[in-house]
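**Q** One letter stands for each residue in the lines below.
There are 4 protein chains.
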Amino acid sequence: MNDITDPQAALNHIPADIHCAQDYERLVREHIDPRALAYIDGGSGTETTLRSNLDAFAGFSLRPRLLRDLSAGHTRLRLLGRTLLHPVMLAPVAFHRLAHPEGELASANGAAATDACMVCSTLSSFRLEDVAERAGAEKWFQLYFQPRREHTLDLVRRAERAGFTALVVTLDASIQAPSIRARRAGFVMPPAIQPVNLAAYPAPAQVRLDRDQSIIFQGMMSEAPTWADLTWLLAHTTLPVVVKGVLHPADAIELRSKGVAGLVVSNHGGRSLDGVPASLPALPEIRRAVGEDYPLMLDSGIRSGTDIFKALALGADAVMVGRLQLHALAVAGALGVAHLIRTLREELEVCMALAGCATLDDIGPEMIQEQKGAHHTC
Amino acid sequence: MNDITDPQAALNHIPADIHCAQDYERLVREHIDPRALAYIDGGSGTETTLRSNLDAFAGFSLRPRLLRDLSAGHTRLRLLGRTLLHPVMLAPVAFHRLAHPEGELASANGAAATDACMVCSTLSSFRLEDVAERAGAEKWFQLYFQPRREHTLDLVRRAERAGFTALVVTLDASIQAPSIRARRAGFVMPPAIQPVNLAAYPAPAQVRLDRDQSIIFQGMMSEAPTWADLTWLLAHTTLPVVVKGVLHPADAIELRSKGVAGLVVSNHGGRSLDGVPASLPALPEIRRAVGEDYPLMLDSGIRSGTDIFKALALGADAVMVGRLQLHALAVAGALGVAHLIRTLREELEVCMALAGCATLDDIGPEMIQEQKGAHHTC
Amino acid sequence: MNDITDPQAALNHIPADIHCAQDYERLVREHIDPRALAYIDGGSGTETTLRSNLDAFAGFSLRPRLLRDLSAGHTRLRLLGRTLLHPVMLAPVAFHRLAHPEGELASANGAAATDACMVCSTLSSFRLEDVAERAGAEKWFQLYFQPRREHTLDLVRRAERAGFTALVVTLDASIQAPSIRARRAGFVMPPAIQPVNLAAYPAPAQVRLDRDQSIIFQGMMSEAPTWADLTWLLAHTTLPVVVKGVLHPADAIELRSKGVAGLVVSNHGGRSLDGVPASLPALPEIRRAVGEDYPLMLDSGIRSGTDIFKALALGADAVMVGRLQLHALAVAGALGVAHLIRTLREELEVCMALAGCATLDDIGPEMIQEQKGAHHTC
Amino acid sequence: MNDITDPQAALNHIPADIHCAQDYERLVREHIDPRALAYIDGGSGTETTLRSNLDAFAGFSLRPRLLRDLSAGHTRLRLLGRTLLHPVMLAPVAFHRLAHPEGELASANGAAATDACMVCSTLSSFRLEDVAERAGAEKWFQLYFQPRREHTLDLVRRAERAGFTALVVTLDASIQAPSIRARRAGFVMPPAIQPVNLAAYPAPAQVRLDRDQSIIFQGMMSEAPTWADLTWLLAHTTLPVVVKGVLHPADAIELRSKGVAGLVVSNHGGRSLDGVPASLPALPEIRRAVGEDYPLMLDSGIRSGTDIFKALALGADAVMVGRLQLHALAVAGALGVAHLIRTLREELEVCMALAGCATLDDIGPEMIQEQKGAHHTC
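Protein chains in written order, with full-length UniProt numbering: chain A, 1 to 378; chain B, 1 to 378; chain C, 1 to 378; chain D, 1 to 378.
Bound conformation, chain A alone:
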């Protein structure tokens, strides 16, 4: 088997047989090492949450209206005080180099070309400063708390200096390991791919555990962030802080009251705790909890413009696209990412047009309904 990091057969054009955004999921298999794809696509545990994320969208159907005037329609929105031309964002995903030699740099180019907001991961395989340079005006930085606060603070300062306009703190992944699917496929992270942003922060000395101590609780979780850490962060940056990984309305309320600027309703794409429900059906309850105007994004499961429509109808302001982003990147680099975003936006616009919605504000809960008997996950 060839080296995972070998230059992949990415195209420099869009393949002819892409008829919808989700086609990238099908085509990617010809453009990436199967071990890397297993790492990208796999979910934790038995992948029940991963499946739920997709099934959830089938659980809602659209309720179109007739004869409305849509000739002034658009997809603009306001988010964290800025105007976005459309609600399709690139979710933070680690190690884009697994999909394409130019990694996050290509993704950033694709986002910039299509006016999409990109969220750069702490675990990016190119330096956050270089990614920021390629990304357009809308770019956020995803932050993992580091074992030592000074390192976390250094990451924040670098993101601020690089021009990122918001921080996205991910809170649902204190324990991370490659999925069973990835391990069965024989995936090992290639040495050439490194979390380059963290190169300057030495790992802390390993804890020695007593026999009655747990490697989970007294080991890994001893460095996991708590409410006190979040409060500290909020006091140490002027950037708006968005929290990613929220599923419970009580957490949403508490985060809002602490000064968090917005939330990403997410289950980490089914990659963290297997067995949690899809993020889509969690939206309405969280929207009710935080009120009408509070920024909410959805991540996990978006595969089409119709999915975006449903997420917006259930309370999201924008959506983040994870796996599909890496699929498009692997198929055709920056061009693929740009084409993916444009396709999703067009699918959303067609859906809005046929449903009778001229603006995102028209996509209210009355535009969809639960699909009885469907296999979904609220």
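Some clues are possibly wrong.
One copy or two, it doesn't matter: identical chains are merged, so the pair holds either way.
Claimed, not checked - Below, computed lysine to any residue pairings styled on SDA-like, alpha-carbon distance capped at 20 Å: (1) Lys258 to Arg68; (2) Lys258 to Ala228; (3) Lys258 to Trp232; (4) Lys258 to Ala132; (5) Lys258 to Arg65.
Since the hints were made in silico from the structure, they are not lab data.
Given the structure of chain A, go ahead and fit chains B, C and D onto it with the hints provided.
**A** Just chains B, C and D now, kept in the frame of chain A:
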């Protein structure tokens, strides 16, 4: 591969192994180019609505009654002031020549021979005047609004002159494109097949869009009909106007109040906005909204006489048959269409007889029930 | 292909690999012509009701109780004034000779050997008098109304003389035709197999229909029984009359008030009107309608002793076994039928013992519960 | 085919491709005779209960909370007055020698090495005294009532003397037979494997039944325990008595009032009465019936640490692992059992950590929710 428009192997007799109306769906594969069949059968998007249309019927079961006297039973009904011998109508479908060289002429013959009302599409592949000549006494014309009102009006006048007794305005398909299934199959409309009714109406000059304008909203939807267009149409014809593509009770109420003569509850056979629910479960709510005596038809998903029974029980006065019509046409031309209609009518009569219903009026909501646990779509 | 009526390879012993009653359904394939099996097993239409009958039992689960004293347990019941040793009855099924050369005579022998009540069909392939001779003390005669009342009355008198202790009037099958499955398999009733009971009753002259008359309503249904016919029958026999084919509680109430002695809740094994629900979930509503002590039987879908337990818990006094009876007959003749009945009885006893029920009266509705999320059909 | 009791190919190390506890279910096929595996894995009847046990867990999803301090987390619990380090117990399973030549001795070693409580079966293939010697401090003895009370009492005395700290009386399996799966596979218990604990207790003379008596009721059930037997047992031992096989809250209340020390909610792993619901959804109702502090265990269907989390959230204090225990034993003997227990405990700890639960007490009903549309079984 042969040319799609080659004369197909249509039979001049009914095949021996047709045991029910739906058998045409199975047999058609031997009588039509697979690319044309993909165009006819495909649905939009991921075909969720297409599947819902079929699943929906499984979601209701029958509640038969015993020992009633059915010896005077019949299937007659009154619709738009006329008497029909049975409630099986031919839905408007574009380009019948894809299925059979004689296209809509053969379908019209089949309808006339079995006392069925045919709805001729604006996009018929033979001229509406020629179709009208072959059709029986009951014939309606399906109207798509044209970019210029004078062209729309010309179509209306031609339909009036040709003897059509009603107009069916389709409102749920402002954006049309071949399905992914058709595109994957390599379908391209053969040059020989044209929307001949529109030959005299030149296409309007293409709009030039600014960079921040949308090809959907400022392009395609700028010509889509609005409430003002419908009001204009109602003022310019003496024919009853039926609206096709209604799923929402609020639209139904508004359409009725504007003077529309009847509605076709339909999702365009799953060919327009993918993700809308089946049309069947939308019936009861719309029936309640428009009242007991207002004409309602159902389209999308009819495959058997039992399906017709269920649609009538949920509030329809009659049903329209789309894909199955083209299947029968492809298998055996006019004879196939006539046999299909007769078979559906007989299946309906057997269902009525075994359920204890002597007339269509006896088929009320008490004759069916929701099937718990079934995979359906209300 | 050999003649359907060739002596089949029925065994004269019970095969070693039968571990439960339902195994006869699997083994029968080696002992019968596939065309005959298609006729026996097929259901009407698309077989949705046939499937529902089986799914329905999966929709209920058992609620066992612990530590009860069962050492005096038994399966006796009183039905129509007589004592049966167990509630397993042989449903009326036409033409047993399709399954075995000795047909109903062998079935009657099997029933007699296991104290089971057999219901002999009007359409038996041996004369009702000969069947009665082989059957045990418990035997009922199933009656189809004949086009002429004198013929119906003659059947009744013959059944009375032959010693049948009850009449079972089937009312849910006014129109009968081989199933699509049977027709696809090429089934034709062999000339050697005849409804011998009706040999002396010439068919009435065929009705001439006008063009606007229906072969269903003015043809077949003109001879179907009505309430007046049932009233006439009740006045002309001293035998208790049971009605088979009841699914609606309003019909049940009316039948009881007319003097009918008991009901068989049944959908004709999914062989009559396709699309009706399973008979099992219809039981509770009908039991409530007719009161606690009125005789109710269930037919359609019984495959195991646990199924019998569930039917009894939902309100049945006894159950009838149709297809499985012919399967056992085809596999091993009278011996097979006897073994089937004994196996079903033992499976019921094991179920009762493990559930903590010493008698049939202990099997109340509190012994089962609906299984949420199951695919069933109430 | 080789002899079932041949030394199997058990490993003396943990295979590399075990990524989760359930992997033992997959790997076991290479380490055991298929006939023995059919006996171990099969369920009674058509295995509906067996499937329900697994489906039930999919019917609930987790509701994680964010940012809690988990650095002092642990899995300790108090049960029957003793402290257990974790809630993973080895369920009583008959004849471990079918899985491994060292049978229960190896299992006991594995349990001792991982601080797990083992429940030794009456039907163990090594003497209870020898098993007790290998097991750790936490060991219970599972008791089947014997036909004669003196034999039952002898078993109790031996268990007391051997140091078992509780008795587990199984009440849901008065009738036992190898499953259909096992019989189809040709399983026969090898003569070398015997219920050695019962060697000194001669079987009672077989009962002679009259023709109208039942082999079930007057045969097998004449020796089944009743409430009187349980009362007698409680009066004759000082050990706490736990009852296994409870599904009904009314039985739970009665058992508690009689002085039973705790319950195992169980359907015997789907091996006794087929058709009963999964044990998981029975938990909440039973927990409500017996109150907050009464010891409840769950058995049947545990395959992962997340399953344990769900059982605890629904009211269990601890869980018992049956089939998976024998799978691990077959794969790698004592080492496999130890690894299985450690893996389950770690999976539980990861689940707790990611869900925000520091202790078992934090795993309340608010930590999970029913998964709508899932195929489960409450």
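**Q** All hints, please: hold or fail.
**A** Hints versus structure:
1. With identical chains, the CA atoms of Lys258 and Arg68 are at most 20 Å apart between copies only, with a shortest distance of 15 Å across copies and 42 Å within one.
2. Proximity of Lys258 and Ala228 under a CA criterion of 20 Å is satisfied intra-copy only: 11 Å inside one chain copy versus 50 Å between copies.
3. In this assembly of identical chains, the alpha carbons of Lys258 and Trp232 lie at most 20 Å apart only when taken from the same copy (11 Å versus 56 Å across copies).
4. Within a single copy, Lys258 and Ala132 get their C-alpha atoms no closer than 28 Å, and across copies no closer than 56 Å, so neither meets the 20 Å cut-off.
5. Proximity of Lys258 to Arg65 under the C-alpha cut-off of 20 Å is restricted to the inter-copy arrangement: shortest distance 16 Å between copies versus 40 Å within a copy.
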